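Colleague: So you can see what is in the structure, the chains are spelled out below.
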Amino acid sequence: MSVTLDEWFVVLLARTIRPSETVFHGFGSPCAQVAMHVARGTHAPDMVLVEGATYAVNPEPLFIPPTGNDASLTRGAAYTMRFEEFFDAAVRGDVDRMFLSGGQIDGFGNTNVTAIGPAGRPKVKLGGGGGGCNLAATIRHLTLWTTRHRSGRTLVETCDFITDMGHVTPLGTRAELGYTGGGPEWLITELGVFDFPAGRARLRQIFPDVSPAEVRLATGFDLEVAGDLRPVMPPSSAELAVLRAVDPLEVRRSEFSSSELSRAFTASAEPDCAC
Amino acid sequence: MQPRRDKRAALADAVALVADGAVVALGGGLSARLPMAMVRELIRQGRRGLHLVGSAHSIDVDLLVAAGAVRRCEESYVGFEQDLGLAPAYRRAAEEGSIEVAESCCATILAQLRAAEMGLPFLPVRGVRGSDIGRLHPEYAEITCPFTGETLVAVPALRPDVALLHAPAGDRYGNLHLDQPYVLDERFASAARTVIATVDELTSSDEVAAAGVTIPGHLVAAVTEVPYGAHPSSCYPRYAYDRGHLREYVTAAQAGPDGAAKYLAAYVHGTGSEAGYRAAVGADRLSALGAWRESTAAWKGLFA
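From first to last, the protein sequence lines are chains A and B.
Quick note: the first sequence, position 5, residue 5 per our numbering, numbers continuous.
Quick note: the second sequence, position 38, residue 38 per our numbering, numbers continuous.
To be clear, the hints were calculated from the coordinates, so they are not data collected in a lab.
On a predicted model such as this, the values are computed, not experimentally measured, just so you know.
Wrong hints could be hidden among the right ones.
[Said to hold, decoys possible] So the derived list for chain A, only partly shown, Cβ under 10 Å to chain B, looks like this:
1) Phe27
2) Pro66
3) Ala78
4) Met81
5) Asp88
6) Val113
7) Gly120
8) Cys133
9) Ala136
10) Val168
11) Thr180
12) Ser254
13) Phe265
14) Ala267
[To be verified] Computed Cβ-Cβ distance ranges for the label pairs, DEER-style:
15) Gly282(B) <-> Val124(A): 43 to 49 Å
16) Gly282(B) <-> Glu85(A): 35 to 41 Å
17) Phe221(A) <-> Thr151(B): 24 to 30 Å
18) Pro197(A) <-> Pro138(B): 33 to 39 Å
19) Ala78(A) <-> Ala297(B): 39 to 45 Å
20) Met1(A) <-> Thr144(B): 55 to 61 Å
21) Ala10(B) <-> Ser151(A): 50 to 56 Å
22) Thr144(B) <-> Ala264(A): 38 to 44 Å
23) Gly282(B) <-> Ala264(A): 39 to 45 Å
Heads up, the beta-carbon is just placed ideally off N, CA and C, and yes, glycines get one too.
All chains should be built: construct the whole structure from the sequences, respecting the hints.
Modeller: Have a look at this one:
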């Protein structure tokens, strides 16, 4: 069974979703968007999937379009939340997980999608954070991801600007700030998987074609590595089948550089489940 | 509140209600139901110094910035998602310092609009602290809840001078039917001092009532029929977004101010009117955007 990096990456995102969670992705997030459908189509059939900027609940799109606000994403949804309804649910603590990315991500899981360089006169003005600076406070768990770890510019010691709050900000910890959400739980990159014991990113799993030294080289904060560092688990055929069916336009690939897209693997020992 | 007054107006007259320097709320979001006909008309009329507010936006904000119509931007996002990337003119203006960027957050803007709707001076939000977004907004203030002692962030009421909304259908009294997602359009309609609407088609009041009135006419000051008035964004159920046209714009604007100026000359200033704009885009191209309803393959084909 052959699998490409983008497919494997999306499966890893999907596995951060627990069964029965209520999960949301923001716009401009094709990998997270596809991952939510992979989870719902495999290990999390009872999840509540809120489809990005359409706020459709448990839709069954026939394809994922290149924009996050398109009627094709609402197909088969019995109900569509209003904008207010979703944000109210999220800020009162009724949403279990959100996917967040960033042009910069630090070791506490703070993310920057606002500007590189000084905010008043940025070197690069990024798109902006959508609802993140409120949602990151109250949504129960955050799954962070980036497809640009290898650039060396993404996982940084300090974000130039904190758009969305991780475990510790310059103003204090989440507890000190009175936040009800638990903060980043996972960080998935094209090199490996990080968890956040004690609020700091720690490399937990690594892709088979990547060495810890490569990860260290690409990481701007002090890299902590789990004592039992393991290879990432290969995708199951069920996960790949759902993924390929829901994303025939392959919008997930728009998040990767062409060199990462050329990474292909032959998965040998195929597990029956994603556990 | 004049629910039975005929609100029909020519596009140029309706858009003339927007003053230089006005706080302008833009309806729709991302690539859907953006009030593009009004955006183009604002540019044709040479409007300046606008303070734009909205949630997640794309070519509407970028085109107004490219045309030099904007002083301050207060959205939660401006860009073309992963597909076409950063917003070229917005990015350039922010980096040069020729616009003020007070980036905001969807949930904060929602709270600010609700405060305006309720006639309150502010509402509190729980987030923002610890995020640098607060540093872009010296008007926010920390408060202590008198009941729980929690520290919260008070955000002031946001009352736009004008809201520009586009709907697939409406009647002459300004009753509008929208398909979901409504994004912030309903909130803008009740929070803003003046609401100006374009509709792809003016229909009878009975038809709008049967489809469901999303925004009532008593909130709307002027309504103008503009076919494809949201193009190149989508307005379902009528048309999908025109990805090829968005790419043409982004490619032009990425080339620099000259590229953006060429686009503006070809599609805004040079067209003179929305009829001219539709002719410049092409009737066949526009009608092809309705192919989404024919089959999944046709729908996918629009985005391939």
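Colleague: Confirm or reject each hint.
Modeller: Now for the hints, and whether the structure bears them out:
1. Phe27: Nearest chain B Cβ about 6 Å off; hint holds.
2. Pro66: With a closest approach of 4 Å, the Pro66(A) hint holds.
3. Ala78: Check failed: Cβ of Ala78(A) comes no nearer than 13 Å to chain B, outside 10 Å.
4. Met81: holds (9 Å)
5. Asp88: Holds: closest Cβ of chain B sits about 9 Å from Asp88(A), inside 10 Å.
6. Val113: Since the shortest Cβ distance to chain B is 8 Å, the answer is holds.
7. Gly120: Given a least distance of 8 Å, the restraint on Gly120(A) holds.
8. Cys133: holds (4 Å)
9. Ala136: The hint holds - Ala136(A) has a Cβ within 10 Å of chain B, the shortest such distance being about 7 Å.
10. Val168: Result: holds, 9 Å to nearest chain B Cβ.
11. Thr180: Check passed: Cβ of Thr180(A) comes within 7 Å of chain B, closer than 10 Å.
12. Ser254: holds (5 Å)
13. Phe265: violated (23 Å)
14. Ala267: Hint on Ala267(A): violated, closest Cβ of chain B at ~26 Å, above 10 Å.
15. Gly282(B) <-> Val124(A): 43 to 49 Å: violated (35 Å)
16. Gly282(B) <-> Glu85(A): 35 to 41 Å: For Gly282(B) and Glu85(A) the Cβ distance comes to about 39 Å; the hint holds.
17. Phe221(A) <-> Thr151(B): 24 to 30 Å: With a Cβ separation near 29 Å, Phe221(A) and Thr151(B) satisfy 24 to 30 Å, so the hint holds.
18. Pro197(A) <-> Pro138(B): 33 to 39 Å: Once the Cβ atoms are compared, 37 Å apart, the range 33 to 39 Å for Pro138(B) and Pro197(A) holds.
19. Ala78(A) <-> Ala297(B): 39 to 45 Å: The hinted range 39 to 45 Å is violated for Ala78(A) and Ala297(B), with Cβ atoms some 25 Å apart.
20. Met1(A) <-> Thr144(B): 55 to 61 Å: Given range 55 to 61 Å: holds, Cβ gap about 58 Å.
21. Ala10(B) <-> Ser151(A): 50 to 56 Å: About 52 Å separates the Cβ atoms of Ala10(B) and Ser151(A), which means 50 to 56 Å holds.
22. Thr144(B) <-> Ala264(A): 38 to 44 Å: violated (57 Å)
23. Gly282(B) <-> Ala264(A): 39 to 45 Å: holds (41 Å)
Hint compliance for this structure: hints 3, 13, 14, 15, 19 and 22 are broken, all remaining hints hold.
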